[in-house]
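Can you build the whole structure from these sequences, using the hints too?
Protein chains: 2
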Amino acid sequence: MLIAHPQSMHFDAALPLQSGASIRDYHLSYETYGTLNAAKSNAVLICHALNASHHVAGVYEGQPKSEGWWDNMIGPGKPVDTNKFFVIGVNNLGSCFGSTGPMHTHPDTGQVYGADFPVVTVEDWVNAQARLLDALGIDTLAAVMGGSLGGMQTLSWTLQYPQRVKHAVVVASAPNLNAENIAFNEVARRAIVTDPDFHNGHFYAHGVVPKRGLRIARMIGHITYLSDDVMNDKFGRKLRDAVTSTQAERDYKFSTQDVEFEIESYLRYQGDKFSEYFDANTYLLITRALDYFDPARAHGGNLTRALAHTQSKFLLVSFTTDWRFSPARSREIVKALVDNRREVSYAEIDAPHGHDAFLLDDPRYLALVRSYFESKIGVGL
Amino acid sequence: MLIAHPQSMHFDAALPLQSGASIRDYHLSYETYGTLNAAKSNAVLICHALNASHHVAGVYEGQPKSEGWWDNMIGPGKPVDTNKFFVIGVNNLGSCFGSTGPMHTHPDTGQVYGADFPVVTVEDWVNAQARLLDALGIDTLAAVMGGSLGGMQTLSWTLQYPQRVKHAVVVASAPNLNAENIAFNEVARRAIVTDPDFHNGHFYAHGVVPKRGLRIARMIGHITYLSDDVMNDKFGRKLRDAVTSTQAERDYKFSTQDVEFEIESYLRYQGDKFSEYFDANTYLLITRALDYFDPARAHGGNLTRALAHTQSKFLLVSFTTDWRFSPARSREIVKALVDNRREVSYAEIDAPHGHDAFLLDDPRYLALVRSYFESKIGVGL
Numbered sequence: 000m001l002i003a004h005p006q007s008m009h010f011d012a013a014l015p016l017q018s019g020a021s022i023r024d025y026h027l028s029y030e031t032y033g034t035l036n037a038a039k040s041n042a043v044l045i046c047h048a049l050n051a052s053h054h055v056a057g058v059y060e061g062q063p064k065s066e067g068w069w070d071n072m073i074g075p076g077k078p079v080d081t082n083k084f085f086v087i088g089v090n091n092l093g094s095c096f097g098s099t100g101p102m103h104t105h106p107d108t109g110q111v112y113g114a115d116f117p118v119v120t121v122e123d124w125v126n127a128q129a130r131l132l133d134a135l136g137i138d139t140l141a142a143v144m145g146g147s148l149g150g151m152q153t154l155s156w157t158l159q160y161p162q163r164v165k166h167a168v169v170v171a172s173a174p175n176l177n178a179e180n181i182a183f184n185e186v187a188r189r190a191i192v193t194d195p196d197f198h199n200g201h202f203y204a205h206g207v208v209p210k211r212g213l214r215i216a217r218m219i220g221h222i223t224y225l226s227d228d229v230m231n232d233k234f235g236r237k238l239r240d241a242v243t244s245t246q247a248e249r250d251y252k253f254s255t256q257d258v259e260f261e262i263e264s265y266l267r268y269q270g271d272k273f274s275e276y277f278d279a280n281t282y283l284l285i286t287r288a289l290d291y292f293d294p295a296r297a298h299g300g301n302l303t304r305a306l307a308h309t310q311s312k313f314l315l316v317s318f319t320t321d322w323r324f325s326p327a328r329s330r331e332i333v334k335a336l337v338d339n340r341r342e343v344s345y346a347e348i349d350a351p352h353g354h355d356a357f358l359l360d361d362p363r364y365l366a367l368v369r370s371y372f373e374s375k376i377g378v379g380l
Numbered sequence: 000m001l002i003a004h005p006q007s008m009h010f011d012a013a014l015p016l017q018s019g020a021s022i023r024d025y026h027l028s029y030e031t032y033g034t035l036n037a038a039k040s041n042a043v044l045i046c047h048a049l050n051a052s053h054h055v056a057g058v059y060e061g062q063p064k065s066e067g068w069w070d071n072m073i074g075p076g077k078p079v080d081t082n083k084f085f086v087i088g089v090n091n092l093g094s095c096f097g098s099t100g101p102m103h104t105h106p107d108t109g110q111v112y113g114a115d116f117p118v119v120t121v122e123d124w125v126n127a128q129a130r131l132l133d134a135l136g137i138d139t140l141a142a143v144m145g146g147s148l149g150g151m152q153t154l155s156w157t158l159q160y161p162q163r164v165k166h167a168v169v170v171a172s173a174p175n176l177n178a179e180n181i182a183f184n185e186v187a188r189r190a191i192v193t194d195p196d197f198h199n200g201h202f203y204a205h206g207v208v209p210k211r212g213l214r215i216a217r218m219i220g221h222i223t224y225l226s227d228d229v230m231n232d233k234f235g236r237k238l239r240d241a242v243t244s245t246q247a248e249r250d251y252k253f254s255t256q257d258v259e260f261e262i263e264s265y266l267r268y269q270g271d272k273f274s275e276y277f278d279a280n281t282y283l284l285i286t287r288a289l290d291y292f293d294p295a296r297a298h299g300g301n302l303t304r305a306l307a308h309t310q311s312k313f314l315l316v317s318f319t320t321d322w323r324f325s326p327a328r329s330r331e332i333v334k335a336l337v338d339n340r341r342e343v344s345y346a347e348i349d350a351p352h353g354h355d356a357f358l359l360d361d362p363r364y365l366a367l368v369r370s371y372f373e374s375k376i377g378v379g380l
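Protein sequence lines correspond, in order, to chains W and D. If you're matching positions, the first sequence starts at 0 in numbering that gives the first Met the number 0 and goes up one per residue. If you're matching positions, the second sequence starts at 0 in numbering that gives the first Met the number 0 and goes up one per residue.
Don't take each hint at face value.
Derived coverage of chain W by chain D (criterion: at least 3 residues anywhere in the stretch with Cβ under 8 Å from a Cβ of chain D; other residues may be distant) [said to hold, decoys possible]:
1. 151-157
2. 192-202
3. 290-301
4. 334-344
5. 353-359
Read the hints as simulated data drawn from the structure, not as lab findings. The structure displayed is predicted, hence computed values, not measured ones. In this text, a Cβ means the ideal position worked out from N, Cα and C, and glycines have one as well.
Printed below as a string of structure tokens:
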């Protein structure tokens with residue numbers, strides 16, 4: 000079993016942010032797995048999505064259930080094989096899992112940041128990650144890899160540091176959010192900021208947490224992560240506490256507030272759990288980073304022109320039932336790369352699980368990534 | 000211009016409800032358009048969906064902008080022609096537009112119902128509508144017609160009163176909600192009931208309204224009413240207050256709470272407007288009626304068996320981009336009717352507008368309904 004060791008790196012120097020603000024005296028939590036070779040040519044950076052962290056793979060000593068969020072993908076003998084690659088997971092700025100975020104102290108004021116934490120973008124995260132790599136003495140990455148929002152960071156790496164990325168693995172991602180994606184983010188944010196316990200983002204000082212808003216945000220999120228099909232298969236119209244799986248086994252309760260259907264119970268449980276550990280300001284920051292990401296924007300909306308400066312090779316993966324970041328969105332990226340004559344592999348995996356599929360054990364998906372890393376990514380050993 | 004005259008009918012006798020409870024001393028608001036013929040054979044009942052009322056067609060005297068919610072469909076010379084048909088719109092029990100609902104007084108207690116208003120189902124509404132028709136001296140309906148939740152009532156009419164319905168026009172509907180539909184309803188309800196101003200459904204006494212929850216509920220609703228395509232066409236990633244329509248014309252504000260995108264502005268506006276007039280308890284009741292509707296449930300989930308007792312002729316209409324009640328759901332009903340050798344016409348309209356299409360001016364859709372009413376529905380004049 001791979002044992003993970005969380006580490007932290009402090010940065011004194013101010014990091015200029017896309018907004019014009021900057022952040023100084025911050026730290027990044029990270030983990031590494033495997034061994035950096037002498038040529039420093041086998042490093043793989045993993046970028047995380049909304050609800051994840053630097054703890055990508057393995058478990059913590061004595062905590063057998065503490066698997067990293069991409070432990071099925073990364074580890075000894077896994078598709079991204081830590082016997083061969085030196086894998087780095089890093090928690091992004093503004094997150095709530097270790098790196099400097101809204102619950103930490105602002106060095107200028109001595110107060111908790113709260114809502115005053117600066118707005119961070121995908122580009123800012125990539126710059127912060129690049130500084131971490133500098134500190135680790137790694138100039139060039141064998142690969143950057145991420146799913147969803149992590150895929151956006153991966154794509155941004157190829158634009159911000161084209162010469163530092165040999166391969167980019169972009170899974171279940173998109174070149175930007177569409178109106179519906181932004182809409183769901185906005186509803187979630189409104190639920191949080193209109194929760195009276197939010198206190199304009201300074202709830203820490205009040206000893207409360209805007210749990211009502213976080214619950215709603217998470218419930219909305221969960222609906223968009225799952226496909227219609229998998230929701231119907233898993234929950235359908237099944238009643239909670241039905242005597243048997245036959246839905247007609249018990250009568251309706253005829254209540255507007257009691258849990259009646261299994262899907263309600265599932266969503267409430269997910270919402271409750273999330274509201275216990277996730278930071279409300281982080282939720283706002285990360286969904287906004289999603290909204291803002293749009294590399295084509297500076298090129299009049301032309302993604303092909305936006306990707307003209309990439310130098311990496313690409314693997315893109317999408318999932319047929321993902322309606323959050325549909326295959327069509329991945330194909331936009333593929334087309335723009337092909338237009339630029341970049342070397343790009345693309346796979347559309349026929350998986351039933353919707354957006355969540357990128358985290359799950361689909362054998363074709365895992366085999367595909369394994370094959371790409373084995374056959375395409377040289378580490379100059 | 001058709002001038003509408005709202006009316007109200009009082010009912011002393013208790014109406015038994017599906018839950019086992021009953022409701023007495025209630026009234027129903029309704030409107031009629033056109034003239035009932037001597038044979039009383041030209042009556043058409045219109046059933047409404049979540050956010051609508053008995054005010055189906057025409058305008059109120061001196062209020063030229065007060066068009067009924069289906070005014071493009073119903074009126075003199077319109078697809079459902081009130082020169083020929085006697086059209087009845089009725090507001091459902093538990094609604095907040097005139098008929099007895101949660102903001103009215105419970106005759107047993109003298110207190111406002113609030114959360115004590117009984118849970119009502121599609122079947123209960125149909126029974127209440129049937130009593131209204133009894134009082135109007137109408138035994139048989141030339142047609143019952145409705146979209147979305149109104150389509151469910153229409154379908155239920157053909158099951159509860161098979162001999163009283165000659166034709167059933169079921170638009171953009173479904174034989175029940177799927178897990179995702181229930182999930183969206185549940186998130187909206189949780190937003191309402193966890194709003195501190197909800198006061199367990201007795202907010203009237205506190206002089207407040209759970210507007211935060213209603214706003215969130217409405218924003219979620221709006222996302223599900225629109226197709227992805229129409230949202231991208233109408234809003235896309237356009238910034239609010241951009242100097243021109245070119246999105247790059249102004250810079251991002253880099254704020255998590257300010258309105259940045261047009262879609263955010265639209266949703267906030269819709270949410271605010273809705274929270275000013277819609278009743279929170281009504282929202283819970285109506286979404287629950289949607290959840291509960293499932294005529295196949297008493298037949299082990301077999302819709303064909305459930306529809307075996309229908310005697311009406313059917314027109315079903317769905318819209319290609321409706322992801323709330325997709326064409327596949329309408330086809331389930333069509334299949335079950337065909338299995339039972341019922342006379343059924345079905346049209347899948349290629350419209351971009353999603354679920355909302357059933358209220359909009361699609362020429363093929365309006366022409367189809369016109370043609371059905373002109374050629375198929377005899378009124379025995």
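Review point. For the segment 353-359 of chain W, do at least 3 residues have a Cβ located nearer than 8 Å to some Cβ of chain D?
Key: violated (count 0)
task = Three residues minimum, CB to CB under 8 Å: does the segment 151-157 of chain W make the cut for coverage by chain D? Let me know.
result = violated (count 0)
Check of the segment 192-202 of chain W against chain D for coverage (Cβ-Cβ below 8 Å, three residues minimum)
holds (count 4)
- Are there at least three residues in the segment 290-301 of chain W whose beta carbon sits under 8 Å from a beta carbon of chain D? holds (count 7)
query: If you look at each residue in the segment 334-344 of chain W, do at least three have a Cβ nearer than 8 Å to any Cβ of chain D?
result: Since 0 is below three, the answer is violated.
Of the numbered hints listed earlier, those contradicted by the structure are 1, 4 and 5.
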